[in-house]
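**Student:** Chain by chain, the residues run as shown.
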Amino acid sequence: MRKLIRNQSTKRGLPPGTPVFIGERRAEPPRITLIDYDEAEVLERRVDGVEACLPFRHTPTTTWINVDGLQDVEMVQALCEGFAVHPLVQEDILNTGQRPKCDEYDQYLYIVVKMLRWDRTRGEVDAEQVSLILGRNVVLSFQERPGDVFDPVRQRLRSGKGRVRKHGADYLAYCLLDAVVDGYFEVLEHIGDTIENIEDELVNHSSPATLRTIHRLKRESLMLHRNVWPLREVVQGLDRSDSALVAKATHPYLRDVLDHAVKVVDTVATFRDMLTGMLDIYLSSLSNRTNDVMKVLTIIATIFIPLTFIAGVYGMNFHHMPELQWRWAYPAVLALMAAIAAAMLVYFRRKRWI
Amino acid sequence: MRKLIRNQSTKRGLPPGTPVFIGERRAEPPRITLIDYDEAEVLERRVDGVEACLPFRHTPTTTWINVDGLQDVEMVQALCEGFAVHPLVQEDILNTGQRPKCDEYDQYLYIVVKMLRWDRTRGEVDAEQVSLILGRNVVLSFQERPGDVFDPVRQRLRSGKGRVRKHGADYLAYCLLDAVVDGYFEVLEHIGDTIENIEDELVNHSSPATLRTIHRLKRESLMLHRNVWPLREVVQGLDRSDSALVAKATHPYLRDVLDHAVKVVDTVATFRDMLTGMLDIYLSSLSNRTNDVMKVLTIIATIFIPLTFIAGVYGMNFHHMPELQWRWAYPAVLALMAAIAAAMLVYFRRKRWI
Amino acid sequence: MRKLIRNQSTKRGLPPGTPVFIGERRAEPPRITLIDYDEAEVLERRVDGVEACLPFRHTPTTTWINVDGLQDVEMVQALCEGFAVHPLVQEDILNTGQRPKCDEYDQYLYIVVKMLRWDRTRGEVDAEQVSLILGRNVVLSFQERPGDVFDPVRQRLRSGKGRVRKHGADYLAYCLLDAVVDGYFEVLEHIGDTIENIEDELVNHSSPATLRTIHRLKRESLMLHRNVWPLREVVQGLDRSDSALVAKATHPYLRDVLDHAVKVVDTVATFRDMLTGMLDIYLSSLSNRTNDVMKVLTIIATIFIPLTFIAGVYGMNFHHMPELQWRWAYPAVLALMAAIAAAMLVYFRRKRWI
Amino acid sequence: MRKLIRNQSTKRGLPPGTPVFIGERRAEPPRITLIDYDEAEVLERRVDGVEACLPFRHTPTTTWINVDGLQDVEMVQALCEGFAVHPLVQEDILNTGQRPKCDEYDQYLYIVVKMLRWDRTRGEVDAEQVSLILGRNVVLSFQERPGDVFDPVRQRLRSGKGRVRKHGADYLAYCLLDAVVDGYFEVLEHIGDTIENIEDELVNHSSPATLRTIHRLKRESLMLHRNVWPLREVVQGLDRSDSALVAKATHPYLRDVLDHAVKVVDTVATFRDMLTGMLDIYLSSLSNRTNDVMKVLTIIATIFIPLTFIAGVYGMNFHHMPELQWRWAYPAVLALMAAIAAAMLVYFRRKRWI
Amino acid sequence: MRKLIRNQSTKRGLPPGTPVFIGERRAEPPRITLIDYDEAEVLERRVDGVEACLPFRHTPTTTWINVDGLQDVEMVQALCEGFAVHPLVQEDILNTGQRPKCDEYDQYLYIVVKMLRWDRTRGEVDAEQVSLILGRNVVLSFQERPGDVFDPVRQRLRSGKGRVRKHGADYLAYCLLDAVVDGYFEVLEHIGDTIENIEDELVNHSSPATLRTIHRLKRESLMLHRNVWPLREVVQGLDRSDSALVAKATHPYLRDVLDHAVKVVDTVATFRDMLTGMLDIYLSSLSNRTNDVMKVLTIIATIFIPLTFIAGVYGMNFHHMPELQWRWAYPAVLALMAAIAAAMLVYFRRKRWI
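Chains as they are written, first to last, in my numbering: chain F, 105 to 458; chain G, 105 to 458; chain X, 105 to 458; chain C, 105 to 458; chain H, 105 to 458.
To be clear, the hints were calculated from the coordinates, so they are not data collected in a lab. It is possible that some hints are incorrect.
Because identical chains cannot be distinguished in the list, a pair is counted as satisfied if it fits within a single copy or across any two copies.
[Stated by the list, open to error] Lysine to aspartate or glutamate pairs mimicking DMTMM-like chemistry, simulated, CA-CA at most 25 Å apart:
| id | residue 1 | residue 2 |
| --- | --- | --- |
| 1 | 352 | 210 |
| 2 | 205 | 337 |
| 3 | 205 | 343 |
| 4 | 455 | 304 |
| 5 | 205 | 363 |
| 6 | 205 | 286 |
| 7 | 399 | 370 |
| 8 | 352 | 363 |
| 9 | 455 | 396 |
| 10 | 455 | 305 |
| 11 | 205 | 185 |
| 12 | 399 | 305 |
| 13 | 265 | 143 |
| 14 | 352 | 207 |
| 15 | 205 | 370 |
| 16 | 270 | 178 |
Construct the entire structure; sequences and hints are all you get.
**Tutor:** Structure representation (structure tokens):
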């Protein structure tokens with residue numbers, strides 16, 4: 105299970121703007137890939153050092169520099185310095201416990217979002233912080249580890265299909281945001297499917313496992329909510345910003361991402377309402393079951409306890425019990441017992457217990 | 105039961121603005137109907153291809169083109185291109201999992217709403233996405249399948265009754281929105297009636313089925329809420345918009361639709377409050393019932409267990425039990441037993457258990 | 105019990121602005137009364153037709169035309185047409201399921217409120233829609249049935265007491281609104297009294313009837329809330345409106361009504377909080393009672409079951425049971441039984457069960 | 105217990121602005137005290153009639169006229185007329201069921217607040233409406249009964265300590281508001297102490313009395329909330345008002361009162377959250393207790409019922425029961441019984457029931 | 105446990121602006137430390153009296169005067185007077201029950217925050233009020249007791265690392281705020297860890313201690329929320345303020361603190377949601393356990409009560425019971441008993457009780 109909060113103790117006391125990597129350390133070294141394109145051509149390559157990236161800073165072509173793995177703090181710092189990124193932004197890129205946000209600086213926009221994917225092999229949600237720096241003709245993206253939802257964007261860049269090669273860096277940043285939000289729907293679908301399974305289970309045979317699943321889904325919804333709610337503001341901020349970095353033609357696309365983000369928030373709210381309702385049903389099914397158990401006990405006990413008492417009476421050893429000698433006493437007592445049992449059964453039937 | 109969320113996986117990775125149909129595929133081919141009218145005349149016909157529609161684009165008469173069925177992506181795309189509709193709008197028309205919204209473009213307004221009807225034959229709510237494009241002198245409407253709530257509007261167009269023939273495309277769009285919102289009241293009436301039935305049931309003889317009905321109603325209210333809440337903003341947006349496409353005379357009508365939408369939202373909120381209250385009553389009726397069962401068991405057990413003990417004592421086989429020889433011991437013990445039972449009954453009566 | 109939602113199916117499909125009466129049909133014919141007054145004189149009479157009202161349209165005196173009963177659609181329509189009222193307003197006057205609102209038109213203001221009274225004979229809240237049209241020197245009021253809270257206003261008009269004869273139509277409209285809001289306090293007092301009775305009941309001897317009363321009060325609070333919440337906006341709208349129809353001197357009076365409306369909303373919120381708290385107490389009193397029943401059962405069973413077992417042991421028929429021959433065996437066993445019972449009682453006492 | 109809502113029925117139907125006293129009638133006659141001061145001198149006296157107050161209306165010194173007791177409607181009215189107070193304000197002064205508010209008139213500000221004190225002798229919160237009229241160089245204050253929280257202010261006026269004698273009427277009004285808000289903290293401290301006692305009780309030995317205390321505290325918090333929440337707006341309104349009656353130097357002091365009011369609102373919110381949490385603990389402690397009772401019953405019954413059955417078998421009177429003759433049958437059966445009991449105990453120990 | 109509300113009764117009745125210390129009195133005398141620095145040099149010393157501080161008032165270097173311990177009211181007052189601080193601010197510095205806030209005065213800004221640390225030795229949250237006065241080139245800080253989170257800032261001032269020596273008093277104030285907010289994360293991590301432990305406990309073996317821990321965590325979350333929620337406004341106020349005291353270059357840093365504060369608020373909200381969910385699980389685990397206990401009782405009782413009845417029948421002493429003489433009656437009855445027990449077991453198995 106993911107930790108509720110990333111340990112930030114290592115940072116305590118350091119001067120603000122000190123870049124310290126906070127997150128899972130990974131074995132493999134960080135990887136920088138660079139895609140440089142305009143409408144006519146595309147150049148894609150893996151670079152080894154930060155120096156290879158800097159020449160692209162002032163070319164008229166659009167450049168996308170993607171960094172997978174943040175543990176090499178010096179490298180990240182060098183890259184950021186190369187593109188004149190504020191130290192506070194450098195700190196935020198490395199501290200992977202950020203809340204999604206969009207900060208405007210003079211020469212660039214800094215965007216943090218969470219990339220969520222449903223990891224089928226491990227059966228849990230996989231979360232990763234993605235930082236985007238949108239500058240003039242350049243997009244820098246920083247991820248915690250290799251593997252992301254951006255492959256379709258890369259494919260489109262390579263093939264030249266769609267609009268992406270015709271537009272600039274702002275459209276590329278939009279494509280990346282769009283890919284991130286699309287990933288949320290996969291998680292939503294997983295939660296939605298599980299909720300529907302649980303609804304069937306609740307009606308037929310709920311168990312403590314059902315409750316644990318409801319709890320897990322609530323936790324996942326909470327996590328989704330926490331990451332998507334601020335995303336709305338991020339995209340809204342981008343859309344309303346009058347920064348020259350975002351072209352007017354890109355705004356309808358941003359509004360489209362905003363629609364998707366609002367829909368995710370909406371769906372998460374619906375999920376949470378449904379999960380609350382399901383918890384109520386679960387609790388009432390528990391009460392119902394206790395009731396059923398009680399009824400069985402009460403029926404059996406209420407029928408047999410009086411009968412046992414009668415049998416006990418005629419099992420007493422008093423010398424002077426005239427009934428004991430009577431010829432038909434035994435069958436008469438048996439008949440009496442049967443009558444009592446029948447009366448009880450009629451009573452329970454009337455109370456709708458059986 | 106409807107899926108909580110429509111599967112969008114098929115779209116993942118495609119460039120934004122790629123029109124892909126997301127929804128239930130249907131056997132019958134899509135159907136385009138065209139109504140062209142001014143105050144004097146009305147022309148209604150079913151057209152086979154998109155080409156037949158395009159000439160109406162620049163006529164001074166008002167034209168309503170309605171498409172039933174969206175699986176023919178090329179046809180929808182061709183129609184939209186013919187009316188210069190933005191690719192993102194084309195994508196939204198085909199992706200039937202949209203949230204109600206109103207987007208302003210330069211030459212037209214794009215409105216998405218959900219059409220809800222109470223389907224008596226299947227006993228559930230029937231939901232369908234309706235996209236409206238309001239251009240100059242033209243309204244395009246896209247539905248997922250044949251059958252809608254617009255027949256009265258068509259009837260009024262044909263007969264020339266009411267104001268619809270005298271006003272332009274904006275009034276027609278209002279009429280369609282109004283018909284959609286009117287359909288919501290039917291669903292509300294169904295939920296309201298069921299709630300009142302359930303209230304009677306709760307008082308008299310609630311059962312787990314009652315709980316399931318409450319849960320189903322909550323789910324339907326949730327769904328209604330999700331579709332109507334944004335509708336308010338849609339109509340408010342239309343009303344406040346200073347687009348030249350909406351005439352000043354149409355605004356009072358839009359405010360009327362807004363009143364209806366607000367009333368639906370209000371009523372849904374009231375329903376949800378009532379359903380929550382009913383759940384509480386259901387749970388307390390369960391507790392009450394457990395209590396009743398417990399009381400029966402306790403009364404029977406508490407009366408007979410001591411009596412059985414007394415009978416057991418005189419059933420012991422000790423040689424030296426002087427009482428056993430006494431002449432009136434048996435009747436005395438019986439009398440003692442009766443006294444104990446009577447005392448217990450008095451005690452229970454005082455505790456108001458019987 | 106009132107229906108949760110008025111049936112509007114009869115209206116479905118009609119052109120907007122079609123006046124259709126939605127509400128309870130009543131036997132008695134509608135009644136029009138007219139009061140025309142200025143500071144010097146007052147004229148009050150019952151009129152038979154709409155025509156008798158129209159001449160007052162342009163007189164400098166203030167005219168109040170009150171209509172009781174809306175089933176005569178033509179009459180209402182004729183009156184409205186005579187005062188140039190918009191068809192949508194005519195529709196809203198007749199459709200008695202409106203939400204309270206205030207619409208500004210060029211020549212008049214249209215105000216809808218709900219008149220609530222506590223009907224002592226039937227023991228329930230009596231709700232009625234009141235539509236007010238405030239024009240220049242004229243107020244039209246439409247009610248569903250005879251009998252209202254306006255008699256004190258009429259009395260003041262006749263007697264010339266108070267300010268009402270000195271001010272114009274806007275002050276008259278304020279007086280009517282004030283009378284409506286005053287009526288809410290009566291309903292509030294009824295609910296408040298019942299809540300206080302229930303609080304006593306809860307402490308002493310709650311029953312399922314208590315729960316039903318709580319539920320009924322919640323429903324009434326909900327209804328009150330639904331009608332009063334928008335009222336705030338209505339009065340606020342009137343107060344903030346810069347319509348020439350509302351004189352500056354009337355604004356302090358409107359703010360006074362607003363204060364009252366806010367107080368009603370506040371009190372309803374307090375009531376709902378209290379009712380929620382009372383439900384919690386009711387549920388916990390149920391649990392407490394189950395607990396008490398359980399304790400009685402447990403005490404009795406736990407004392408006597410071991411004793412009965414001992415009696416059973418010495419009731420066995422084995423040939424070789426040496427204790428049975430002992431001289432003091434019987435008293436010894438009885439003493440053992442008493443000791444066990446005493447030990448149990450001490451245990452229960454320590455657990456504070458008895 | 106205080107009534108939830110003051111009976112306003114006596115007012116129904118009266119013209120707006122009619123001054124009617126609504127509140128508890130008291131035996132003692134109303135009392136007017138007058139303090140007139142400037143930086144140099146202070147004059148304090150009790151006056152008998154309204155006339156004695158009027159000359160102070162236009163003096164340059166600051167005058168504070170305090171009225172204790174409102175049942176003498178004519179006197180209140182005469183005083184108000186003397187200071188040119190609007191009839192609606194007169195009505196509000198006398199109707200003691202007002203919500204805290206601040207109304208700006210041209211020549212004065214009208215402020216209503218609730219004075220709350222913790223009445224140790226009666227063990228409940230004592231609430232009283234205080235109306236302040238802040239005019240040029242004059243403050244009128246109206247209270248329902250003698251006894252208030254203003255004595256420290258009077259003391260400072262007399263002694264000339266603090267700033268109060270150096271500032272004008274607006275500072276005096278601030279001092280009175282400040283004294284009222286200070287009184288709230290006393291009530292808060294009482295509620296806070298009781299909450300902490302209850303928390304201990306809950307852990308150790310909760311009882312239905314605990315629940316009743318929680319309910320009473322909730323009611324008091326609700327009452328506090330209802331009176332303090334609008335107070336924030338009152339003080340905010342005063343602070344933001346650009347009325348010439350409030351000097352610029354007084355604004356920091358008003359912001360200080362606002363801070364206190366916000367803190368009261370905050371603390372009440374915290375109290376309500378804590379009380380809700382305590383109710384949950386109370387309910388779960390009830391469940392825990394039922395569980396404990398059940399366990400005792402189940403342990404005893406489950407051990408002895410099978411043993412009693414075995415004893416019953418060997419108490420049967422069949423002629424052919426070979427075991428009965430066996431030499432060691434009786435000890436063997438006793439050993440079997442002990443073994444069964446031991447096995448049960450091991451089972452319960454493993455289930456952690458004992 | 106900390107008191108819910110600090111006792112303010114001692115202050116009641118004093119003139120506003122009277123400085124009175126409200127808080128825990130401590131044995132050690134207050135301590136003033138002074139750090140004076142510019143980019144080139146740093147001077148740090150402990151001063152004994154207020155007089156030693158005043159000369160730094162007008163130097164161009166930045167001066168930080170820190171006071172630990174507030175019980176010496178005269179000293180605090182003298183220091184504040186020396187820096188021309190408003191009496192109301194002096195009062196707030198000494199009254200340690202303030203809500204976090206930021207007040208703008210002409211010559212300085214007054215900021216109150218709560219410093220929270222997780223005290224590992226006492227196992228509880230340690231809260232302390234910190235007041236900051238940001239003037240031109242000077243920061244005054246007032247704390248309740250020695251020991252704080254500012255050591256790293258002091259270290260950086262001494263060593264000249266980071267930006268702190270290059271910037272002015274506003275940057276220093278930011279550094280202090282940043283250190284305070286960093287301290288919150290430590291408390292959050294503690295709560296987060298405890299929540300995760302509790303989640304494991306809930307699944308495996310919850311106990312009333314679990315409930316008490318949940319309650320304690322809720323209380324701590326509430327406390328955190330109360331202190332952090334207004335902090336957002338404090339930092340937002342600082343950021344938006346156009347006071348000349350905050351340099352433009354400091355604003356990005358303030359926004360960074362704001363991000364952290366928002367994240368704390370967010371995390372606290374998530375914690376509260378999770379704790380509510382855990383309470384539900386705890387309650388349902390109680391119900392489950394009652395159910396399990398009931399099932400054991402019911403199974404045992406339901407099997408043995410009928411068997412005991414049969415044994416009782418054949419223990420009756422009637423003379424005429426022919427079965428008693430039959431040769432195979434005893435084995436037959438034993439077989440019947442076994443059959444009944446088996447049937448019961450099958451029934452329970454089918455009901456999934458065993």
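**Student:** Quick one: which hint numbers does this structure break? Sort them smallest to largest.
**Tutor:** 7
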